[in-house]
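**Student:** Residues per chain are reported as follows:
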Amino acid sequence: MREREDEWTDLMRSAISGDDAAYHRLLKAITPVLRAAARRGLARAGQPVDQSEDIVQDILLAVHLKRQTWDTSAPFAPWLFAIARNKLIDALRRRGRRIFVNIDDFAETLPGETPEPTASPGEVTAQLQGLPARQRDVLQSIAVDSTSIKDTAAKFAMTEGAVRVALHRGLASLTAKLRDR
Amino acid sequence: MDTDQLIRTLTADNAYRARPIGLALMLALLAAAPVSLLIFFAELGVRPDVMTAMHNPFFDLKFAVTLALAASAIAVSLHLSRPEASLRSFGWWLLIPAGILVAAISGEMMMPQRTPMMTRLIGKNSVACMTAIPAMSLPLLVGALYGLRQGAPARPAVAGAVAGLLSAGLAATVYASHCTDDSPLFVATWYTLATAIVASVGALMGARALRY
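Line by line, the protein sequences are chains A and B. Heads up, the first sequence is in the numbering used here, so the first residue is 705 and it goes up one at a time. Heads up, the second sequence is in the numbering used here, so the first residue is 219 and it goes up one at a time.
The set of hints was computed from the structure by calculation and includes no laboratory data. Do not rely on the hints blindly, as some may be mistaken.
To be verified - Partial list, computed: chain B residues near chain A (C-beta under 10 Å): (1) Thr229; (2) Asp231; (3) Ala233; (4) Arg235; (5) Ala372; (6) Arg429; (7) Tyr430.
All figures in this text were calculated on a predicted structure; none of them were measured in a lab. Glycine residues also receive a C-beta, built at the ideal position from the N, C-alpha and C atoms.
Next comes chain A alone, as it looks inside the complex (with noise of 0.2 Å):
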């Protein structure tokens, strides 16, 4: 457990000075960990789990907004698991339940319990048909059809610096549209 979080805390290091490989391989590491996480949590609220995708993409692009927040020199999952809480007493409230959201779902997930996603997230591709044209162009050309940036700019005339902005502000606008829906 130890190890695995020693782990994520380099690997995020990495990310922030610029490795993209690294940034990668953390979002997957983390993944199924949220995700049983928020599995647990909807269980223990009597809701059905397989809305568990839909938290656990809430709370990777709250990781991804917010990693300026993260102070490089302490460890990363004390970080992420109050990000990860913060969502799912979020995602739970809006479900219209009282929450019992323990940190420890977090901390206690093992290593080898990698459950696979059970049901299709809607709520992120819903809100997705909601942004401004060009954030949503961009954001189905890299996420959807998984086109590069570079290809993405030459696809819709634009710069590459461009397409860079718009696909943050979609990334942003999609949060936004998430948390105040």
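The hints should help you fit chain B onto chain A, whose structure is shown.
**Tutor:** Here is chain B on its own, set in the frame of chain A:
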């Protein structure tokens, strides 16, 4: 969009760097400050006897209290903008201005006074103090909340209240140069009330604005 696709998209955005929160807060406060200063110079202005007032230690102490409030609230605000942070470890910083105030009151008590205690406490500017500090705080509070939106506070209302303390501390620092009531008893009463109003407004606004 499935989760693998989302992860790939977030990775594509890894190059984006948000401003550090300290910088975002500072820039937002600098943008808001002219509005507060405009209110001050249009409606109040520095008191005419400021040069002689500066020789009165109780005049200077007002600035020590308000600046201590602003500085400690800025430090606590930055701390609270982290998701895993709570008031527990840093909250006592906010007691520093209160401590200075208590020391100032005891200092004044030990000195011979020409005016009775209640007269000093009630002063002449209580209404001005209670309106000017909140009015000058409001632009700063909006700025502070805007800057702090970069953060991820666990309790947005608490973070908003501290942002209120921060703006009240800065506004009161400017207001203190106008106010002719220098007794720490006056400061402890009216400045504190005005600050409490701003902190409550900050809590209400922060509960919405600082959610992430």
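**Student:** Work down the list of hints and note, for each, if the structure agrees.
**Tutor:** Hint by hint, here is what the structure shows:
1. Checking B:Thr229 against chain A: minimum C-beta separation of about 4 Å stays under 10 Å; hint holds.
2. Restraint check, B:Asp231 versus chain A: the minimum CB separation of about 5 Å is within 10 Å; hint holds.
3. The beta carbon of B:Ala233 is positioned within 10 Å of a beta carbon in chain A (closest approach about 7 Å), and the interface hint is therefore held.
4. Nearest Cβ of chain A to the Cβ of B:Arg235: about 7 Å, under the 10 Å cut. The hint holds.
5. Given hint, B:Ala372 at the interface with chain A, holds; its Cβ is 6 Å from that chain's nearest Cβ, closer than 10 Å.
6. Contact between B:Arg429 and chain A, as hinted, is supported at the beta carbon level, the nearest pair being about 6 Å apart and thus within 10 Å.
7. At about 6 Å, the closest approach between the beta carbon of B:Tyr430 and any beta carbon in chain A falls short of 10 Å, and the interface hint on this residue holds.
The structure fails none of the hints (numbered hints given earlier).
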